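S.K.: Generate coordinates for the entire structure from the input sequences, incorporating the hints supplied.
There are 2 protein chains.
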Amino acid sequence: MGGDHGVCAVVDGVARAAHKNPGIRFLIHGDSVEIAQQAAKHKSLQDRFEIRATDKVVGMEDKPSHVMRHGKGTSMYSTVDAVRNGDAAVAVSCGNTGALMALSMIRLRKALGVNRPAIAVLWPSLNENGFNVMLDVGADIRADEHDLFKYALMGASYARNGLNIPTPRIGLLNVGTEEHKGRPELHEANRMIGNAARANGYEYVGFIEGGDIPSARVDVIVTDGFTGNVALKTGEGTANLIAHRMRDSFKNSIFSRLGALFAYTSLKRLRYRIDPRRVNGGVFLGLNGTVIKSHGAADATGVAAAIQLAIQLAKLGFTEKLAARIASGSLNSQDIPDDPTETPQNK
Amino acid sequence: MGGDHGVCAVVDGVARAAHKNPGIRFLIHGDSVEIAQQAAKHKSLQDRFEIRATDKVVGMEDKPSHVMRHGKGTSMYSTVDAVRNGDAAVAVSCGNTGALMALSMIRLRKALGVNRPAIAVLWPSLNENGFNVMLDVGADIRADEHDLFKYALMGASYARNGLNIPTPRIGLLNVGTEEHKGRPELHEANRMIGNAARANGYEYVGFIEGGDIPSARVDVIVTDGFTGNVALKTGEGTANLIAHRMRDSFKNSIFSRLGALFAYTSLKRLRYRIDPRRVNGGVFLGLNGTVIKSHGAADATGVAAAIQLAIQLAKLGFTEKLAARIASGSLNSQDIPDDPTETPQNK
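Line by line, the protein sequences are chains A and B.
Residue numbers for the first sequence, in this note's numbering: 1 to 347.
Residue numbers for the second sequence, in this note's numbering: 1 to 347.
Hints were generated in silico from the structure; no laboratory data involved.
Nothing here was measured: the structure is a model prediction, and the numbers come from that model.
Do not rely on the hints blindly, as some may be mistaken.
No copy is singled out in the list; a pair is fine if it fits within one copy or between any two copies.
The list that follows gives simulated cross-link-like pairs (lysine to any residue, SDA-like), each with its CA atoms no further than 20 Å apart [said to hold, decoys possible]: (1) 41 to 203; (2) 110 to 85; (3) 181 to 142; (4) 41 to 73; (5) 181 to 140; (6) 56 to 33; (7) 72 to 206; (8) 63 to 183.
M.R.: As structure tokens, this is what we get:
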């Protein structure tokens with residue numbers, strides 16, 4: 001029911017995912033009349049979904065604290081609860097991010113060893129597979145060194161399962177790559193993530209800067225939710241600015257219009273490669289269950305992309321793998337003595 | 001002497017600026033032989049410069065704390081001191097940012113009422129004049145509500161003098177536009193900046209998000225140096241990624257190559273409009289003197305752009321105007337009682 005385009009975009013997205021994934025069935029939560037009407041338009045959904053009727057909706061402006069207390073009976077609550085009950089393998093929502101995280105926290109509970117869950121996104125990059133993982137992009141505005149260390153473990157696990165990278169390279173976002181740069185908790189996290197690298201099957205590249213986020217230097221970018229959220233939106237804003245300027249430039253003369261015509265397939269290919277809708281889906285990590293947050297402005301293509309990610313993670317048993325990884329990683333970090341030879345930064 | 005391209009790029013940049021600004025003279029600090037050799041190649045520099053010979057150089061990797069203690073005798077020290085002595089109106093350097101800020105702090109001292117100076121940059125935007133001002137982008141990794149308030153005053157003054165905007169619109173960077181979002185110091189700064197708007201001749205639009213940085217919603221973006229630095233470099237990284245993808249796309253087929261040929265002038269125009277070298281020059285605000293930090297990787301075009309900005313600010317008497325603004329703004333903020341009608345966020 002949430003999201004800027006309402007039921008229509010969500011059900012159309014579900015229909016696309018249903019068409020592409022014949023073995024999958026769907027639980028759709030919300031206004032049963034609206035959903036049934038929209039679903040009837042799609043042949044691919046025939047006998048493939050079940051409506052869980054709810055009559056309350058979480059608004060995009062509702063405060064998370066309010067939703068935590070009064071959220072029962074909303075479509076969002078019902079969606080998360082289906083994962084808790086084992087009826088659904090993964091939850092997908094386009095709604096209010098803060099409210100979704102709050103409901104996920106109280107219904108699914110934090111995984112053992114996790115203090116602050118995180119939201120991870122796939123960020124277009126120069127890597128061969130086209131993406132990097134960044135977390136946290138906004139689950140919490142704070143993160144201490146222990147949280148950042150858990151983000152590293154969770155991010156590595158997500159890169160392994162979501163992007164098929166056996167030994168992900170992890171970077172810690174800072175204002176410089178030198179050891180003395182940045183806040184105290186970053187220095188401590190730098191040491192912890194470096195020390196635990198070998199035992200947890202990832203490579204640690206040390207501090208990275210904002211310019212490295214879309215680079216091929218790393219696979220996973222670890223940062224606090226405030227910085228990550230600003231960076232994510234700044235990246236989107238920059239892409240929008242360039243797209244805008246590009247349109248203006250091509251409108252300018254008859255030659256450039258002709259150029260744009262000839263360049264059409266290239267521009268289309270480019271748009272496909274940097275289309276934010278294709279990577280739609282922030283994943284909540286660190287809970288007893290997988291929840292995917294699709295962009296509020298997502299259209300059917302965006303919703304379908306988020307569902308596709310949900311299907312992949314469910315098939316791989318991601319939730320269980322992640323829980324095991326955090327548990328053993330936390331143990332390892334306690335067991336491993338500081339070994340400077342394993343930390344490139346401390347050399 | 002600093003910067004990635006050394007004396008050559010700097011002197012070539014000075015020569016371009018000299019050619020464009022007949023009334024201006026230059027003090028060039030560093031290795032007198034190298035500088036003289038390079039300067040001899042440019043007719044525009046004839047009788048227009050003076051060499052201040054120094055035999056030490058601040059390295060790009062030197063720690064600011066080390067340079068603060070041992071910086072005397074370096075070209076950077078000499079450059080800043082020329083402003084202190086009144087020999088130069090503005091200092092321009094391509095060197096180590098942290099060291100330049102440290103030397104500027106001890107030689108020029110902080111302006112009355114400023115606790116943390118800031119670095120402000122011009123950010124390409126959808127505004128009519130093509131740019132927004134953002135600060136702090138890395139002078140300090142911390143900023144409390146009082147610092148953020150001073151950044152607002154300084155940013156407004158810079159937008160007025162550097163971009164000719166009589167009533168700049170100021171936004172405070174956060175992870176959401178709702179009043180309850182973000183850290184406590186942001187809530188307090190939100191109130192302070194809002195309350196002082198009318199008395200200080202700017203408009204306050206409230207909290208903004210990363211996506212608004214290149215938008216036409218604001219003229220000045222206020223944030224702490226950690227977040228600002230990450231955002232700045234993320235924006236640059238995103239632009240690089242898109243440029244890279246664009247080249248790839250246009251290489252793909254004979255049609256798209258033909259398209260690229262026809263589109264050449266458009267692409268050139270676009271590149272001109274988003275060329276980071278054209279906006280080269282972070283300005284240090286909050287000191288008793290103006291210092292401009294050019295990008296370390298700046299070529300002659302970049303250096304010339306930074307010098308052009310220096311000339312404009314010097315002609316306008318920017319340092320004096322800014323000092324007056326901070327002094328009266330600080331007074332005003334103490335005088336003005338909380339008036340919710342002046343704060344859009346508190347309505």
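S.K.: Now, for every hint given, state plainly whether the structure supports it.
M.R.: Evaluation of the provided hints:
1. 41 to 203: neither (49 Å within a copy, 49 Å between copies)
2. 110 to 85: within (16 Å within a copy, 61 Å between copies)
3. 181 to 142: both (19 Å within a copy, 12 Å between copies)
4. 41 to 73: neither (27 Å within a copy, 78 Å between copies)
5. 181 to 140: For residue 181 and residue 140, only the inter-copy Cα distance (11 Å) is at most 20 Å; the intra-copy one is 23 Å.
6. 56 to 33: Within one copy only: 14 Å inside, 78 Å across.
7. 72 to 206: So residue 72 and residue 206 fail the 20 Å test inside a copy (43 Å) and across (33 Å) alike.
8. 63 to 183: Cα proximity of residue 63 and residue 183: across copies only (16 Å, versus 30 Å in one copy).
When held up to the earlier numbered hints, the structure conflicts with 1, 4 and 7 and fits the remainder.
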